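Using the hints, position chain L against chain E.
The listed protein sequences derive, respectively, from chains E and L.
So my numbering is basically just the index in the first sequence, starting at one, shifted up by 2.
So my numbering is basically just the index in the second sequence, starting at one, shifted up by 33.
Among these hints, one or two may not hold up.
Unchecked claim - Here chain E is said to cover these stretches of chain L; the calculated rule only asks that three of the stretch's residues, wherever they fall, bring their Cβ under 8 Å from a Cβ of chain E:
1. 71-78
2. 99-111
Said to hold, decoys possible - A few chain L residues that don't get close to chain E, going by computed Cβ distances all over 12 Å:
3. Arg-42
4. Val-45
5. Arg-53
6. Arg-55
7. Lys-95
8. Val-116
9. Gly-140
10. Thr-143
11. Thr-148
Quick caveat, the hints were computed from the structure, so don't treat them as lab data.
The model shown is predicted, which means the values in this text are computed figures rather than measured ones.
From the three backbone atoms N, C-alpha and C, an ideal C-beta is built for every residue, glycine too.
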Amino acid sequence: KNEVEQSPQNLTAQEGEFITINCSYSVGISALHWLQQHPGGGIVSLFMLSSGKKKHGRLIATINIQEKHSSLHITASHPRDSAVYICAVRSWETSGSRLTFGEGTQLTVNP
Amino acid sequence: NAGVMQNPRHLVRRRGQEARLRCSPMKGHSHVYWYRQLPEEGLKFMVYLQKENIIDESGMPKERFSAEFPKEGPSILRIQQVVRGDSAAYFCASSPRTADNSPLHFGNGTRLTVT
Chain E
3 KNEVEQSPQN LTAQEGEFIT INCSYSVGIS ALHWLQQHPG GGIVSLFMLS SGKKKHGRLI
63 ATINIQEKHS SLHITASHPR DSAVYICAVR SWETSGSRLT FGEGTQLTVN P
Chain L
34 NAGVMQNPRH LVRRRGQEAR LRCSPMKGHS HVYWYRQLPE EGLKFMVYLQ KENIIDESGM
94 PKERFSAEFP KEGPSILRIQ QVVRGDSAAY FCASSPRTAD NSPLHFGNGT RLTVT
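The shape of chain E in the complex, shown without the other chains:
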């Protein structure tokens, strides 16, 4: 079992829909990152969380440390949101320097 599990693997939505991507992890963590990877492959860091909730524009990220679960929400989705969204954790149980990544969620938003 992977230390970081994302769901769903693939998600197709219509423009304007509210989207949720989930991330569960099995190790103790010091931080959780949400990343966005566009076609063409560049990676952008969206959020870094250690507790609570963060909001940036139409994106919201939440984390529940007790349940070892995080969600990324996109409100009023747009075709330009189409990308792979990756959850990654920094675990104090393994090595403080490395990130462990989920497999990613491929999001397609249709106009």
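The following block gives chain L in isolation, referenced to the frame of chain E:
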């Protein structure tokens, strides 16, 4: 303020050749991380370096792979005697400090193709 710069963007090598991938971190960042993304797979940690020091290389294959981050110049990931299985996207990220909650900034990656 330029972001993390990786070059080349695309690199083609024949089996047995050497590949050198370069990463210039953001200005003021002294911590560099290398990650590999194999086709149809997720990102995997390879190595973490600070200036002139390898801090954690637990994700690096034991043979043919090496990394450095000299006092002057970019960080280099070197793959000797490349094989087809080395074909992947290699990403570099940098951070300003080592604390667990340092934000990471990624480069656009180098896509290595071994023919």
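Going through the hints against the structure:
1. Look at the stretch 71-78 of chain L against chain E: 5 of its residues bring a Cβ nearer than 8 Å to a Cβ of that chain, three or more, so the hint holds.
2. Only when three residues or more bring their CB closer than 8 Å to a CB of chain E does the claim for the stretch 99-111 of chain L stand; here the count is 0, and the claim is violated.
3. Not every beta carbon of chain E lies more than 12 Å from that of Arg-42 of chain L, the smallest distance being close to 9 Å; the non-interface claim is violated.
4. With a least beta-carbon separation of about 16 Å from chain E, Val-45 of chain L lies farther than 12 Å from that chain, consistent with its non-interface assignment.
5. Separation of Arg-53 of chain L from chain E is adequate, the least Cβ-Cβ distance of about 19 Å exceeding the 12 Å criterion.
6. Even its closest Cβ contact with chain E, about 16 Å, leaves Arg-55 of chain L beyond 12 Å, as expected for a residue assigned away from the interface.
7. Every Cβ of chain E is farther than 12 Å from the Cβ of Lys-95 of chain L; the closest lies at roughly 17 Å, confirming the non-interface assignment.
8. For Val-116 of chain L, the shortest C-beta to C-beta distance to chain E comes to about 22 Å, beyond the 12 Å cut-off, and the non-interface label holds.
9. The claim that Gly-140 of chain L is not at the interface with chain E is violated, since a C-beta of that chain comes within 12 Å of its own (minimum 8 Å).
10. At roughly 10 Å from the closest C-beta of chain E, the C-beta of Thr-143 of chain L falls inside 12 Å, breaking its exclusion from the interface.
11. Residue-level check passed: Thr-148 of chain L sits 20 Å from the nearest beta carbon of chain E, beyond 12 Å.
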